[in-house]
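*Asks:* Each chain is listed here by its residues.
6 protein chains.
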Amino acid sequence: MKISVCRKAHFNAAHRLHNPEWDDAKNKAIFGKCNNPNFHGHNYQLEVWLSGKIDEETGYLIDLKILSKLIEEEIENRFDHKNLNLDTEEFKTLNPTAENICIVIWNLLRGKLDASLDLKVRLFETDRNIVEYPAI
Amino acid sequence: MKISVCRKAHFNAAHRLHNPEWDDAKNKAIFGKCNNPNFHGHNYQLEVWLSGKIDEETGYLIDLKILSKLIEEEIENRFDHKNLNLDTEEFKTLNPTAENICIVIWNLLRGKLDASLDLKVRLFETDRNIVEYPAI
Amino acid sequence: MKISVCRKAHFNAAHRLHNPEWDDAKNKAIFGKCNNPNFHGHNYQLEVWLSGKIDEETGYLIDLKILSKLIEEEIENRFDHKNLNLDTEEFKTLNPTAENICIVIWNLLRGKLDASLDLKVRLFETDRNIVEYPAI
Amino acid sequence: MKISVCRKAHFNAAHRLHNPEWDDAKNKAIFGKCNNPNFHGHNYQLEVWLSGKIDEETGYLIDLKILSKLIEEEIENRFDHKNLNLDTEEFKTLNPTAENICIVIWNLLRGKLDASLDLKVRLFETDRNIVEYPAI
Amino acid sequence: MKISVCRKAHFNAAHRLHNPEWDDAKNKAIFGKCNNPNFHGHNYQLEVWLSGKIDEETGYLIDLKILSKLIEEEIENRFDHKNLNLDTEEFKTLNPTAENICIVIWNLLRGKLDASLDLKVRLFETDRNIVEYPAI
Amino acid sequence: MKISVCRKAHFNAAHRLHNPEWDDAKNKAIFGKCNNPNFHGHNYQLEVWLSGKIDEETGYLIDLKILSKLIEEEIENRFDHKNLNLDTEEFKTLNPTAENICIVIWNLLRGKLDASLDLKVRLFETDRNIVEYPAI
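Protein chains in written order, with this note's numbering: chain A, 1 to 136; chain B, 1 to 136; chain C, 1 to 136; chain D, 1 to 136; chain E, 1 to 136; chain F, 1 to 136.
So here's chain A without its partners, still in its complex pose (with noise of 0.2 Å):
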């Protein structure tokens, strides 16, 4: 059977929700108080979950400073203490959501990480709001 281990990060950061094809009446109905044109944040809680067979030899399934530092350069190093919509290329057309982010995070991970091992990103928007790819 496998294994899963997981890694916690975070990152903070400024965003705001906005469909550019809908009109400011439209995005306002749908969106709220996260359409605020100013923007507003959140502290993100990352867990990146990694699924495969233990190394004999280590007992790991994977170093956990190697993820973690994965985590810094592809998550933290591009997202922390950044505006979502303004100063990351992933976000400059699509929507901000924690879904996105959380699916965005996977990709980022995803081709990084060995083939051997299964990825699941969950993300706490806040602590009422997660979002977890792939579903649970």
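Heads up, some of the hints might be wrong.
No copy is singled out in the list; a pair is fine if it fits within one copy or between any two copies.
What the hints assert, rightly or not - Straight line, CA to CA, 30 Å or less: simulated DSS-like cross-link-like pairs of lysine-lysine:
#1 K112 x K2
#2 K2 x K28
#3 K69 x K26
#4 K92 x K112
#5 K65 x K53
#6 K33 x K69
Keep in mind the hints are simulated off the structure, nothing from the lab.
With the hints as your guide, set chains B, C, D, E and F onto chain A.
*Replies:* Below, chains B, C, D, E and F without anything else, positioned relative to chain A:
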């Protein structure tokens, strides 16, 4: 691949575990302190998880304001600051164990949600005792 | 300088807020949902803080096994899985608000502790409502 | 002896640390990532602590429904889903450090509370960075 | 559909990561600070999840008092306040990584549980490092 | 009025409680499981609180990057992934109770901080056992 989103909620209620088909001695033996005829209570913490496909226009699986309102109307208004055994239809004849409360909540929400969305409910009776339906 | 140590504990109980000198309408107006005649309940979280001088032989202010046992005997056995209004002497005629519960706990513990130790009690009725006695 | 009660609340906001009397290089040197001209953001967690004497009729220091509504009206409505630098009067010319936000909140609440109540405000900018006013 | 219940527990232990087939330099290079010959330690938090069908008479999947006692006897008594490398049979020759500890716990509990119950074990080595077996 | 700021940190260490002036039986009787000659361990969580006047130019009491670096250099590098009894000068002859660790940390930091800043240290040995110096 599908994505999942979760909204947390909570309600504070009194309850008593009791099987009316058993005598007092057996109820005491099986349910212990939880059988107290005068009731005890909990701060129930609730996680409602939905899974499905993202709406490309909004970037949402579901607007959490809608899910939050549904939980308020169907669950919080029904159970918050209530005596589950005495004040609710659902537990008049059903023993309000965490397991049964979790399944009742699942059924109440399932009937109000679009069939395209998968539903899971996680209920914390205390910080140490958790129930999830369907099974993890 | 003195040092403080804290031990956490918890008890799960039912209660109802009610002033018998008021009529039902006033009780409902003041205590709202907390006045439900059939009770509701909480997972009460408790922090007991003692302050004083370290014992040089042990390096302890107090052996936490002793404090933990005192809390179990004086507080948990008295209130856990109880209906505060119906099952306890302390709240037969005293309204079991978080404030009053906190002061009752302080008095129960104060009588059992060495006079050289200062005592503070912090009580969480929910994650969002906290009481501390004496005042911070 | 006085007793204290606490109500928790939260607001999600964008901000930028910046001193307009300094040039860009000094702002960058002092405030680092927090000086990002496009802003970043946080989930601010707030604890409002009041101290005073219990009302013997209610058993309350203060009805937490009243305190909760006051926090909503004075703090959450003002700061939630806002850009502190651009959308609020309070931080048009005041640098929105956690320290300054905490003192602004204290002043906003102080003016609305009975003089017999002592007030403390604790603000969590992240899980690791906390501010309290007046000092512990 | 099956339901899951979880009971949390914890134990505090010392350990050292080390592969006796490697020389000191390689152990240091792979395990870093965790290879300290004098050991370090953790507060391990444990979640034991069982899945199956509810007993209609009790409304329980399993009486959590029974599960709690099983965890105490099989896991806490064995590992709490121990040096995993020196004081336990299980890790005399097995490297006590979080992954291996999690699988050892799974095997210890699996042998004592009814075959109709599915078992998952989640182990927190720290707040940031988590392992789950079988994989999520 | 002064303001307080707090930075959290953590270190994982092994330790053993022992008084060399007592025989084994007395050590076992007083310190129980904590006297295990092979050590056990904890994830120590640390809160460092400073109080003083805000710098009007920065809006900071102290730059938390500076405080964070000080904690890393003075505390984390000294104690993280160490055996407190064997690997540190501070606890060669001082019993590493939570109380003594807290005071040692206070002294290490006090010597490096400006005299205008008041210092408090709160140390969590586990989630349930906390120490604070000076006393609350």
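*Asks:* Take the hints in turn and mark each one as holding or not.
*Replies:* Structure-based check of each hint:
| no. | hint | result |
| --- | --- | --- |
| 1 | K112 x K2 | both (20 Å within a copy, 22 Å between copies) |
| 2 | K2 x K28 | between (46 Å within a copy, 27 Å between copies) |
| 3 | K69 x K26 | between (41 Å within a copy, 20 Å between copies) |
| 4 | K92 x K112 | within (23 Å within a copy, 36 Å between copies) |
| 5 | K65 x K53 | within (18 Å within a copy, 34 Å between copies) |
| 6 | K33 x K69 | between (35 Å within a copy, 16 Å between copies) |
Going down the numbered hints, you'll see the structure goes against none, and every one checks out.
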